[in-house]
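> From first to last, the protein sequence lines stand for chains A and B. In this text, residue positions in the first sequence follow numbering that gives the first Met the number 0: the first is 0, and each later residue adds one. In this text, residue positions in the second sequence follow numbering that gives the first Met the number 0: the first is 0, and each later residue adds one.
Among the clues, some could well be false.
Pairs of lysine-lysine residues, derived as PhoX-like cross-links and limited to a Cα-Cα distance of at most 20 Å, are as follows [claimed, not checked]:
id	chain 1	residue 1	chain 2	residue 2
1	B	K17	B	K39
2	A	K55	A	K37
3	B	K39	B	K77
4	A	K70	B	K96
5	B	K96	A	K55
6	B	K60	B	K77
Here's a subset of chain A near chain B, in silico, CB distances under 10 Å, partners left out [claimed, not checked]:
id	residue
7	E28
8	N30
9	D34
10	K55
11	V65
12	K166
Heads up, incomplete: computed chain A residues facing chain B, CB under 8 Å, no partners named [unchecked claim]:
id	residue
13	I31
14	C32
15	L33
16	W56
17	P67
18	V68
19	K70
20	S74
Just so you know, the hints here were simulated from the structure itself, not pulled from any lab data. In this text, a Cβ means the ideal position worked out from N, Cα and C, and glycines have one as well.
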Amino acid sequence: MSTAEEQPGPSKPSGSATDEKERDDRTFECNICLDTAKDAVVSMCGHLFCWPCLHKWLETRPTRQVCPVCKAAISKDKVIPLYGRGATKQEDPRNNVPPRPAGQRTEPETSTGFPGFGFGDGGFHMSFGIGAFPFGFFTSTFNFGETRPSPAPRGTPQFEEEQFLSKVFLWVALLFICWLVLA
Amino acid sequence: MANIAAQRIQREFKEVIKSEEVAKCAIKVELVNDSFTELKGEIAGPPDTPYEGGNFVLEIKVPETYPFNPPKVRFITKIWHPNISSVTGAICLDILKDQWAAAMTLRTVLLSLQALLSAAEPDDPQDAVVAKQYKEQPDMFRQTAKHWTSVYAGGPAKMPELDDKIRRLTDMGVEEHNARVALSSYNWDLERATEQLFS
Numbered sequence: 000m001s002t003a004e005e006q007p008g009p010s011k012p013s014g015s016a017t018d019e020k021e022r023d024d025r026t027f028e029c030n031i032c033l034d035t036a037k038d039a040v041v042s043m044c045g046h047l048f049c050w051p052c053l054h055k056w057l058e059t060r061p062t063r064q065v066c067p068v069c070k071a072a073i074s075k076d077k078v079i080p081l082y083g084r085g086a087t088k089q090e091d092p093r094n095n096v097p098p099r100p101a102g103q104r105t106e107p108e109t110s111t112g113f114p115g116f117g118f119g120d121g122g123f124h125m126s127f128g129i130g131a132f133p134f135g136f137f138t139s140t141f142n143f144g145e146t147r148p149s150p151a152p153r154g155t156p157q158f159e160e161e162q163f164l165s166k167v168f169l170w171v172a173l174l175f176i177c178w179l180v181l182a
Numbered sequence: 000m001a002n003i004a005a006q007r008i009q010r011e012f013k014e015v016i017k018s019e020e021v022a023k024c025a026i027k028v029e030l031v032n033d034s035f036t037e038l039k040g041e042i043a044g045p046p047d048t049p050y051e052g053g054n055f056v057l058e059i060k061v062p063e064t065y066p067f068n069p070p071k072v073r074f075i076t077k078i079w080h081p082n083i084s085s086v087t088g089a090i091c092l093d094i095l096k097d098q099w100a101a102a103m104t105l106r107t108v109l110l111s112l113q114a115l116l117s118a119a120e121p122d123d124p125q126d127a128v129v130a131k132q133y134k135e136q137p138d139m140f141r142q143t144a145k146h147w148t149s150v151y152a153g154g155p156a157k158m159p160e161l162d163d164k165i166r167r168l169t170d171m172g173v174e175e176h177n178a179r180v181a182l183s184s185y186n187w188d189l190e191r192a193t194e195q196l197f198s
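Based on the sequences and whatever the hints tell you, model everything.
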């Protein structure tokens, strides 16, 4: 069934098949212990190690953490674990070695509609303030996301108050702009 | 000895034996004891250097913390080189100190040492006397290194003029190696070497 079982068979033509298999095995050797990598992790620079071996290396030189192969910068957070299919039996709990860092999964981004410019759910609000120009501008203009409290229901005294204030601010703003233009 | 160190040396040993450099007789590794803690290395002097034709024997001691710490290597064969002590054979090479990396092997160490023989670093010397000569009198340095190669490493060069100066000193009762060191250190100036030996 599997080719791996056929290779050591008696009908093997020459040494080439075993050589090839050996070469295949060596591709997955840990660069530190030179054995087939167990609890394999791969660095950002692409080099394969057993996690216990790499951890020990990082501990040996905590101040100068470099890849043992290419001396690129390396750290515990910058290695990726490799999960093969027939992998990790937990029968060998390694003391002193913290568990191999977990893989990082990011959820695919679902784009939702634009949250709106802070107009609330209904009525339009005019507010006006004087402050240090650029900062005040940013804070009042770019506060997306955080929705303003919705306006008071129509007919209540609070609603009329708010309408009145809104108009006052509108007029003050217009006057101020006029004054800026004329001055 | 820690298991990983012994296991790795065994694997490396096989790798070196199979490597093409061994086939070309450029490097060689032999076991000294059965526990893989001590080995004997050998490198051929690289071509187009004063070390050409010589064979240099190295002592390799494998620490228990190998491969996380470098092996301790020194030249057993006496050699005249700015980065190698002419007295003890101690080597000044960054990869055997702070630049060691766990993925380096016996093979790469031996090849690095061979590279060191072809490209000395006189600004980071192990032997100050040799380094000074290397920088100030390169021709004299080449002569001396070639002479040492022929005497200690089986090099082919014949230098009757230098041999003659040594014989002058040995005739005065000086031990041959001491005579050679004194002459080498004083750029083969017989008078100054004599002065130094008898002062």
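> Any of the earlier hints contradicted here, and which numbers?
12 and 20
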